[in-house]
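Asks: Sequence:
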Amino acid sequence: MQFEHPGWLLLLVLLAPVLWWSRGARVSLGPVRGVIVPALRCLLIAALVLALAEPVMLRSNDDLTVAVVLDRSRSIADSELDAAVQWLQEATLDRSESDRLAVVHAAREAAVVMMPDAHGQVGIEAVQGRTDASDLAGAVEFTKGLLPEAGAHRILLVSDGNETTGSLLEAADRAAEAGIPIDVLPVRYERTGEVMVERLIAPADIRPGDAVDLRVVLRSQSPAKGRLVLLRNGMPVPMPDGAGLNVTLEPGLTVIPLTAPAGGGSMQQYEAVFEPAAGIADARSTNNRAAAVSLHAGQGRVLLVSEGGQGAERLAGLLRRRGLAVEVGGVEAIIGGPAALAAWDAIVLVNLPRWSLPDHVDGELTTWVRDGGGGLLMTGGPTAFGAGGWIGSRLAEILPVGLDPPAERQVRRGALAIILHSCEMPRGNYWGRKVAEAAIEALSRLDYVGIVEYENMSSRTEWAFPMQVAGDKRAALHAAASLKYGDMQSFEPAMQRALRGLEGVSAGQKHVIIISDGDPHPPPPTLLDRYVAAKVSVSTVMVGGHGTALHRRGMNAIATVTGGRFHDVQSPANLPGIFIQEAQVVSRSLVQEGAFSPQWQGPGGGPLPAGAIDAVGALPGIDGYVLTEARGGLAQDAIAIPTEQADDPLYAWAYQGLGRVVAFTSDLGARWTRNWAGWEGELPLWERTVSWLIRPRDDGLLSLSLQDSEDGEVVVDVEAMDADAGFLNFLQTQAVVMGPGGASAPLSLKQIGPGQYRGSFRMGDVDGGDERAGGGWVVGVRYRGTRPESGDPVEGWVQGAVVQNWPDEDRAVRSNEVLLMQVAQRSGGRVFSIDEDPALVRVFERGGLPSAAGQRTIWGLLAVLAAVLLLIDIAVRRIVPDKQRRQVLARRAAGLGGAAAGSASTAWKQVKAKAAARRATQSRPDPIATASPQPPAETEQDTPSEHEPQDESTMSRLRAVRKRLREQDDES
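If you read the sequence shown in this note's numbering, its first letter stands for residue 1, the second for the next number, and so on.
Check the hints yourself; a few may be wrong.
To be verified - Cβ pair distances, simulated, as ranges:
| no. | residue 1 | residue 2 | range |
| --- | --- | --- | --- |
| 1 | 279 | 748 | 45 to 53 Å |
| 2 | 253 | 786 | 37 to 45 Å |
| 3 | 231 | 126 | 28 to 36 Å |
| 4 | 472 | 789 | 57 to 65 Å |
| 5 | 285 | 124 | 52 to 60 Å |
| 6 | 323 | 599 | 30 to 38 Å |
| 7 | 83 | 700 | 52 to 60 Å |
| 8 | 472 | 632 | 15 to 23 Å |
| 9 | 670 | 145 | 52 to 60 Å |
| 10 | 332 | 748 | 47 to 55 Å |
| 11 | 632 | 253 | 53 to 61 Å |
| 12 | 207 | 599 | 27 to 35 Å |
| 13 | 332 | 504 | 40 to 48 Å |
Calculated from the structure, these hints are not laboratory results. Glycine included, C-beta positions come from ideal geometry on N, C-alpha and C.
Build the full structure now, drawing on both the sequences and the hints.
Replies: And the structure:
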């Protein structure tokens, strides 16, 4: 036994005064209780003190747990992984009944495949997460946390030894300190014919019409031949040899210069692809290509984005009349990552719903405005702003209007119930949480939301989040993060619970979303009839798992009967957008339609100063808009729509970081602003708005170059030179790196020479973590200073982009057995080989392993014992045994302490005599008032005394005492 807090044991000194007190307790408590009571007190104090010290019982345990860490990064070929797993399956058969096996996948992140199990086997389960990196050290640390406290432990690492993150040797040292040896099973390989396109070097910015000089850097492990193809924006660039350039490579690095003709557009993306000749043993094709991005130095490029490119031509025509460089495109124009956004100085989102974009674009647009200095205009329509699912998005944080409906507005609420059965799809827990969060975030704070799931532990369908008003959504999001993801057997219980929850709230639109693989038993027709009668629609989302064509028809039928939509999803990446779209079924009340008269607000400013307002003139009426609320703060409302409750924003603007944002809550003429066609103020309104949004012009004084290295570090060099005045020194620079997924980080530039500034960053440090995000990294530099001779101010913005062509995981050409052997040696482990006979290998080997004793805390048991002792102590002290109580009562009745005091009859006679004497005294006549006295006895007999009832009461009590004592004597 050992104690977690032994200091509390000092309180045992309290036993000394208890023992001292017990010496006198025998006199007052008697010979028996005088011993029992002190003993109970001592036991009670000891139990309380021991409970405070938290004792732990140690139990020996000889069980052995082996945790297999299986490297699932993509540097290991499938055939090599299959061979290793087959060897493990045979080698782990030889074990005792008490031995347990656990399996953990290692890649960019570690993931549990199987908890310690006495009957578990190693298999090739679907890998969870990204496989483009190897954090073997993190996987070892993660696995240590899965091992049980009791028994002996081993870790078996199955890997090629190529790590891209962390330090495996340091993890091995920590495992050795914990007494956990790491056995290794190397996955051996060598790619002797591997050819890699290391990088494609292109200028950061180019001038329209200029040819572009490029350099391709290739690395070959052996002599090789092939063809080098150059693509510009996805199209082949003509070469002297036709579609490609024939090249011969020697072992090592080869640099090939290329020239690409000038191209139009705001951004030029070049890609060099090596195609090996027949017979070349190039095993991996992912590292046979490299890309680079060059941004045009042209000014004022504007992109109008809408679904399918529709609805934006009217505004594009107006802006082109003012000489602005405008292009119209679909969502594909802005999903290419930071580099795709950096090509534009202003972007207009035309009635664009959030669900039409991948999740990472939301963050990338926000970063492009705040840190990249871009200008954003969001225009309204039936699928824009809150009605388009933008509530809760990152972009909503920078808009000059609030997307939730104003609290004072009486809008029709919606109610949404989410039924989750995502456990059988790949990464089901991750996507289940992701879709629930996406749907919750897309709701307004006034809408109702509830989450229903099946719990395996209780085998019941329960509310993970009961139907209630979303509010600030923190409670709902917390519930989404705590889901159990049980394997639902039938849709009926979940749909019944969801329907009851929806019937209990007052909402204008009630909707249910179900995500499943479709294999739960379908609901009965009577339940679907109840949904139809209650006007509750159901949309079903089928993805992954065990779903069949029959299940697909069943889920489609649920949606069809109830008036919902059926989504057959092939890629889980599309799930959040689908749930955002479905959540908008309950948010249709945000669209306000009717005749409205907008009015100017305030004196003007920003894109519409006072003079511009005068030039635009009076505003025509509109037929609809999306309801938002004034944001306040730095956001300014230029045009509003007066209502009884408040002035709803129609046109608002704000500065956000280095960028600018405008919101126009009506549409561009397709439905609500048709009265604006032909209005003379429309052209100046939009021309001034977009011109204000466009990023400030660059005067061309700075040139930027980016150079990446093998370890992911990018060196940024800036040269500042005035053609007339020479170098520009001591510039004030504000640089930022914008990465995939909306990540950003400041970049420090230091002057290293005349007009020379340098900084660096690591790509992995500026990564939003979304595996679907791409487009490289953009470095933007805003500068300010003065010309050396004239002192005239100079300022501007320069930017460049760098692309990580393929991860370091694809750089491995041979296994790192040396590292694995060092890990085994430093941790006390063993080195296995696939060439060994697995039947002769003892994976579950206990020899030399320290056995961790099992621990069991018993402070709770001691606390219960103390409570019981306290009750016994009170009972012994307060409850007198019958025999002793009889003796005490007898002594008190007789007034004696000797043996004669125990006679009840003597006590009775004495009490009776005293009572008679007292009555005689009280009934004696007054000598003054009475001439002839009456005998006391006659008076007492003939005339009742006024004190007689009291005397009889006393007599009654004495009789009761005597009777009780007699009964006790009989019982004894």
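Asks: Looking back at the numbered hints, which does the structure fail to meet, lowest number first?
Replies: 5, 10 and 12
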